[in-house]
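Sequences and hints are given; from them, build the entire structure.
For the record, the sequence lines run as chains A and B.
Residue 351 in the working numbering sits at position 351 of the first sequence; the count goes up by one each step and never skips.
Take any residue in the second sequence, count from 1 to its spot, add 559: that is its number in the working numbering.
Just so you know, these hints were derived from the structure itself, not from any lab.
There are no misleading hints in this set.
Quick list of simulated restraints, FRET-style, between CB atoms:
#1 Glu226/A - Ile718/B: 48 to 56 Å
#2 Asn571/B - Gly62/A: 29 to 37 Å
#3 Asp171/A - Glu683/B: 48 to 56 Å
#4 Gly574/B - Val175/A: 17 to 25 Å
#5 Arg584/B - Ser344/A: 45 to 53 Å
Here chain A is said to cover these stretches of chain B; the calculated rule only asks that three of the stretch's residues, wherever they fall, bring their Cβ under 8 Å from a Cβ of chain A:
#6 572–580
#7 618–630
Glycine included, each C-beta is placed from N, C-alpha and C at the ideal position.
One-letter residues, chain by chain:
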Amino acid sequence: MKGAEILLHCLQKEGVDVIFGYPGGQALPIYDALYDSPIQHILVRHEQGAVHAADGYARASGKTGVCLATSGPGATNLVTGIATAYMDSIPMVVLTGQVGSLLIGKDAFQEADITGITLPITKHNYLLERTEDISRIIKEAFVIARTNRPGPVVVDLPKDLMEKTIDFKDDTEEVHIRGYRVMKGVNSGQIIAAAEMINQSERPVIYAGGGVVASGAAPEMKEFAEKMKIPVTTTLMGMGAFPGTNYLALGMLGMHGTRSANYAIGECDVLIALGVRFDDRVTAKIQHFAPKASVIHIDIDAAEIGKNMDVDVPIVSDVKEALRLLIPRLQAREEYSEWHQTISRWKEEYPLNYGSSSEGRIMPQYVVEKIYEVTQGDAIITTEVGQNQMWAAQYYKFKQPRTFLTSGGLGTMGYGFPAAIGAKIACPEMRVIDIAGDGSIQMNIQELGTAMQYKLPVVICILNNHFLGMVRQWQGLFYNRRYSHTDMTHQPDFVKLAEAYGAVGIRVTKSEDVEEALKKAFQIDDRPVIIDFWVEREANVYPMVPPGGSLQNMLGGEE
Amino acid sequence: MNKHTLAVTVENKPGVLTRVTTLFRRRGYNIDSLTVGTTENPGISRMTIVVEGDDKVIEQVTKQLYKLVDVCKVVDITRENSVDRELAMIKVKADNNVRAEIVQLVDIFRARIVDIGRNSLIVEATGDRRKIDALEDSLRPFGIIELVRTGKIAMLRGIK
Chain A
1 MKGAEILLHC LQKEGVDVIF GYPGGQALPI YDALYDSPIQ HILVRHEQGA
51 VHAADGYARA SGKTGVCLAT SGPGATNLVT GIATAYMDSI PMVVLTGQVG
101 SLLIGKDAFQ EADITGITLP ITKHNYLLER TEDISRIIKE AFVIARTNRP
151 GPVVVDLPKD LMEKTIDFKD DTEEVHIRGY RVMKGVNSGQ IIAAAEMINQ
201 SERPVIYAGG GVVASGAAPE MKEFAEKMKI PVTTTLMGMG AFPGTNYLAL
251 GMLGMHGTRS ANYAIGECDV LIALGVRFDD RVTAKIQHFA PKASVIHIDI
301 DAAEIGKNMD VDVPIVSDVK EALRLLIPRL QAREEYSEWH QTISRWKEEY
351 PLNYGSSSEG RIMPQYVVEK IYEVTQGDAI ITTEVGQNQM WAAQYYKFKQ
401 PRTFLTSGGL GTMGYGFPAA IGAKIACPEM RVIDIAGDGS IQMNIQELGT
451 AMQYKLPVVI CILNNHFLGM VRQWQGLFYN RRYSHTDMTH QPDFVKLAEA
501 YGAVGIRVTK SEDVEEALKK AFQIDDRPVI IDFWVEREAN VYPMVPPGGS
551 LQNMLGGEE
Chain B
560 MNKHTLAVTV ENKPGVLTRV TTLFRRRGYN IDSLTVGTTE NPGISRMTIV
610 VEGDDKVIEQ VTKQLYKLVD VCKVVDITRE NSVDRELAMI KVKADNNVRA
660 EIVQLVDIFR ARIVDIGRNS LIVEATGDRR KIDALEDSLR PFGIIELVRT
710 GKIAMLRGIK
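If you want it as structure tokens, here you go:
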């Protein structure tokens, strides 16, 4: 068998049914083999689209996403998407073509040292040296990508090794990687300590992140929270891990979190941190984060424990496994305490709110509220990055894990639309909506071609304020309203642009037309739709913790 | 700042050294010295890394090293009962007037002269860091032309 055929055979064995990719010279042998392969290939319009689509596919399905690009510029175009997946711990196997093995290091045409380039943004990477190693490396790559703390793995494939024919016997069984063990088991002493601490707590809070989604621990966390009546706040990455409509839900915490979530962190006596990494956008000034609390931290990555925050009970474990052991040791709480009353008071006093537009424009938050109303939470929401992302997180109530796909760690503009394409392919029965800004959408707008080709009815809702809104907000608040290079008045007519691709474009300029436009868009089932909502230009995301501040001191949103 | 000695067992594969040094650079840890060489097992190399930092930093370094797939084992042998050695070669100016004096010094340090030139000598010495430092200091007044040190290698005593 040829190397490329072995590669596809091994991918199939790993359960891969779709690859997002873009061909090129050094990837020719792989593309030739794909021609006869049952694996579906989605042809994107830019390699960045492929890597984000594979990422969106992985987040929506829980499976490992796979993308493919050629050497050199094809591979380097993947870099932003690899870093995005790495920061958010998304399982992905990234295949890159490479120049022939004898040309490596000779600055050959379209040669780039992609294993070198991606070293700090991959969980691991491989440069294939022998055709005989393909099956072992692919097996290892998938094990590494999806187990423990997931992440992207790059496999670089020199062209000659893909062309080479060898006698191939498929005898790779379980792989043994000397320096990598799949985590199992929990330190029961620590579970007992955590249980005691929780049983005795008076003002506990659960702080839940992407690790809860990754480990599939949402049902256990709900059981845990409801048994103990513990309020739950989620990070951006944890949205959907706990139903936003549950009476214990506090919403998001952090820089643009709700006041009730942030105040609860400030006052809690026990903080139960599940699958989180105490990111600076969450903690603000870390010295003032949960100052009155003893901290229990459960995470599968030992290096996250104690990295940013000193903890009292460290538990290195899969969150699901740890919660399963923890829950039976807890004494269920029946009554509502003073703590719950305090939190209810905060929720009543400080609900999320927004004003109205002085120019009679649509308020962007209203659009997100309407999207929620119309979908009733039964949709996959992707976002771009900036104000659109924060409003989506604040005003949409997520019911299920894996329904909110956003670039949390890296904050990659241009992520949302290709991720929506990947999500739609993973979950064709789900409605998929990209909540976008007019800036970010232009970063990967070319993927309209992909969505057209594969008849993917993804709905892009542009909250169009003709600004790079989040940067403008900071310039407004902290740089004397000097709007340096954030005005995006020069932009395409998004309706015509959609139509040029054969997609549907709708422009909405009045609040009363928002709902109808959404309903109309959701009826279209064979092509993408852009809804260009012209919103209030200078709406800000509130409340907000100013940079360098602490969670207890928030700006805005208190009317 | 405390110096810690880490014995790191890694896969003997191309690129492993880059992975380790990239990790140190990216996370902002300071490498004081790093040596790498083969072991009794041809598939495995051993790095001895001397790194500066308090206990918290060393804990993070250790955990981050473990996250590298090619890293098999990390042991902090700073406080353990260990033997450590470094090798140095020092080319020192040595005309006829001082040659005897240098030879005497070299004897005291139980070092060796491995090359004699018209106006210079190469001294080879092994020992722990302090001994090499002391030898270096003693030879400096004669004029050191060139100096190279391997960095530290270390091993635990006994069977463990």
